[in-house]
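S.K.: Residue strings, one per chain:
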Amino acid sequence: MQSQPIDFHPPSEEAAPYLLPAADVFAGRARRFEHLACDHSLAEWLRFLARLSQAQHDALKAIPEFPLPEAQARELARNHGMPPLNLGERPAVWRDALRQMLAALDDETLPEGARATLTGLQTADDSRLEKLAATLLEGEISADLAGELPFIAAALQVTYTGMALRLDPASLQKLDAPAVCPCCGSPAVASVVRLGAAINNLRYLHCSLCNTEWNVPRATCTTCEDDKEIALHELEGTAGKNAGAVRAETCDACKSYLKIVYQDKDPNVDPVADDLATLALDMLVDEAGYERSGPNLLLIGAYSG
Amino acid sequence: MNMNRRQFFKVCSAGLTGSSIAVMGFSPTAALAEVRTFKLARATETRNICPYCSVSCGVLIYSTGDKSKNSQSEIIHIEGDPDNPVNRGTLCPKGAGLRDMIQSKDRLKWPEVREAGSSEWKRISWNEALDRIAKHMKADRDANFIAQNADGLTVNRWPTMGALVSSASSNEAGYLTVKTLRGLGVTALDTQARI
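Protein chains in written order, with the numbering used here: chain A, 345 to 649; chain B, 1092 to 1286.
Only chain B is shown next, with the shape it has when bound in the complex:
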């Protein structure tokens, strides 16, 4: 009986009795019986970028659970990505604690608002949050917009609004951010990725 290249690589329980082990006179029986006492534990391994600072270190994330509906995925370990040329597998103390940040019970997962005069934080929807922010921005811009300076020169500035953009933004997101905010007259615009 001939085996092709794929079979040559294969190791399966049914084949152990015809393998080198048995042919040479060593008994595979105990090893075969033992297989049923084991179970496979599975974890996925994924690349990502640390969200904290401008360095943007590469990380490897390990999580349990497959993508099936009934299983809950959980991140079990995060470490520096040794193949990433920026951090070469290292992480700072903050980055090394990423898993705790992700799983922190205090982590903010939805928009909340504390109304003027209230001491309570109240959960609101994303739509409501965006509407509120837009209204605040409009009111502030209407109140403080400078169309012309003292010399009568057109400047179109909105000096009371500032924006700090995340270092995890892509080039494209950065381009859109500048177009939008400069279009509104924002001058105080910066990104975390600018060291």
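With the rest of the complex left out, here is chain A:
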């Protein structure tokens, strides 16, 4: 009888360090917003965001190819430890995505404030839109743009997600700053603890702009990398739809926080939608003296003057 070698160590799948966005990321988010809106104190706003996310999905599908930066420019960025997508050089197609979304959203069911904002944006010329985009991405913004900027952000999310989708995950590299997106350099909106074979229970930061996710260790501050003074806060006594699935991870070393959402508590949890459905958690953690370390671009100006 012929002997057969036994492989005692079958190669196991390595956990992916980067997860590029799925093509239906916005459709999933729309369903999540819709689900979270039921019996919610901000139900109307969340339903509106569900429509906005669906419009994002339609725009992403309608635009055939989002142009990537030249291969040479990406190589240069790579050699200098920079992310491949450059926020300073937006492809002009983002304005097409915006105009398509504005047309899809405009109807009588919207409150007056939102309609006025939509009309204003629909009549705005290219230079005004570029100015708004630059203002948003630079993060030094004026509070009286709180109406316009979420729409600008939504269109830029579509564009950068469309670009990120076309990248090869193997071309991404770890940046010196662990808290910014390795794809576009934006700060993270929240972390998500994923379910899955090789990535089970691993924590990924979720980009606030391009929806790329990158792996960072759990029980470690995503801002200062301290692992001694991490605490998790959640809302007590909520029987809400996402109870237990959303927590705020605070660090007493740098007094910052970012939300962390758990797929094992709710497989449909979405870092953007569940973040906006738990603003009470932000307010209480803010009162406890922690500063949020990343933005949710769909909500602008929620700070006290």
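Hints in this document: simulated from the structure, not taken from any laboratory. Treat the hints with care, since some could be wrong.
[Said to hold, decoys possible] Chain B regions said to be covered by chain A (calculated; three or more residues, Cβ under 8 Å):
#1 1107-1121
#2 1144-1151
[To be verified] Taking lysine-lysine and the DSSO-like style, the derived pairs with C-alpha atoms no more than 27 Å apart in a straight line are:
#3 B:1229 with B:1213
#4 B:1101 with A:475
#5 B:1185 with A:609
#6 A:572 with B:1229
#7 B:1200 with B:1185
#8 B:1130 with A:572
#9 B:1226 with B:1213
Beta carbons: idealized from backbone N, C-alpha and C, even for Gly.
Guided by the hints, dock chain B onto chain A, whose structure is given.
M.R.: Then chain B, alone, in the frame of chain A:
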């Protein structure tokens, strides 16, 4: 009014009325009223190593209570550390029951002795325990130490004493253990971390 990058990230109750929500015509009133009905529940998250066997799996420990004097800390949950390359988030059944071991009412928390002829366990101090162990070791070593073997060769063996060292020991602790025990002539020396 301009906001800087930090404020751009911030979400607080005082600001909701000037935010996108209100500007777009959605009312934040109910959400603001609701905030006062919530309380924050806090838990710390810490890394550690399972104490049981030689594999030394990484664990994440969750506990309630801050470090203030009046609050009693309590471990509420332990799970495998998914970032640990050894166990990748998994735990064996023993490791998965770690919390019960820590909180077991039968867990030994101090030295105890059952004197010869007695059926009772008696609590003693650490100093007394160490003194007793040292006396036992000395008596045993004096009685059984082998300085030379049958051929007259110097061997300095203490064959009646053995030691099994914990797998949670660091390299430095292992070094000191070997130096001490080999110095006494112990030959039966092993560590749990040696698979």
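S.K.: Checking one constraint from the list: CA of residue 1185 of chain B to CA of residue 609 of chain A, max 27 Å. Satisfied?
M.R.: Satisfied, since the Cα-Cα distance of roughly 24 Å is no more than 27 Å.
S.K.: Are there three or more residues in the stretch 1107-1121 of chain B whose C-beta lies closer than 8 Å to some C-beta of chain A?
M.R.: With 13 residues closer than 8 Å to chain A, the stretch 1107-1121 of chain B meets the three-residue bar; holds.
S.K.: Can you take a look at whether the stretch 1144-1151 of chain B is actually covered by chain A? Rule is 3+ residues, C-beta closer than 8 Å.
M.R.: violated (count 1)
S.K.: Given the hinted pair residue 1101 of chain B and residue 475 of chain A, is their alpha-carbon gap at most 27 Å?
M.R.: Distance ~23 Å between residue 1101 of chain B and residue 475 of chain A Cα, so the pair holds.
S.K.: Within a Cα-Cα threshold of 27 Å, do residue 1226 of chain B and residue 1213 of chain B meet the stated pairing?
M.R.: holds (18 Å)
S.K.: Are residue 1229 of chain B and residue 1213 of chain B close enough, with their CA atoms no more than 27 Å apart?
M.R.: holds (23 Å)
S.K.: Has the given pair, residue 1130 of chain B with residue 572 of chain A, been kept, meaning a C-alpha gap of at most 27 Å?
M.R.: Holds, at roughly 24 Å.
S.K.: Between residue 572 of chain A and residue 1229 of chain B, does the CA-CA distance stay at or below 27 Å?
M.R.: Outside the cut-off at roughly 43 Å; violated.
S.K.: Sort out whether residue 1185 of chain B lies within 27 Å of residue 1200 of chain B, counting only the CA atoms.
M.R.: Cα-Cα ~20 Å, so holds.
Figure legend: structure checked against the earlier numbered hints; hints not met, in rising order: 2 and 6.
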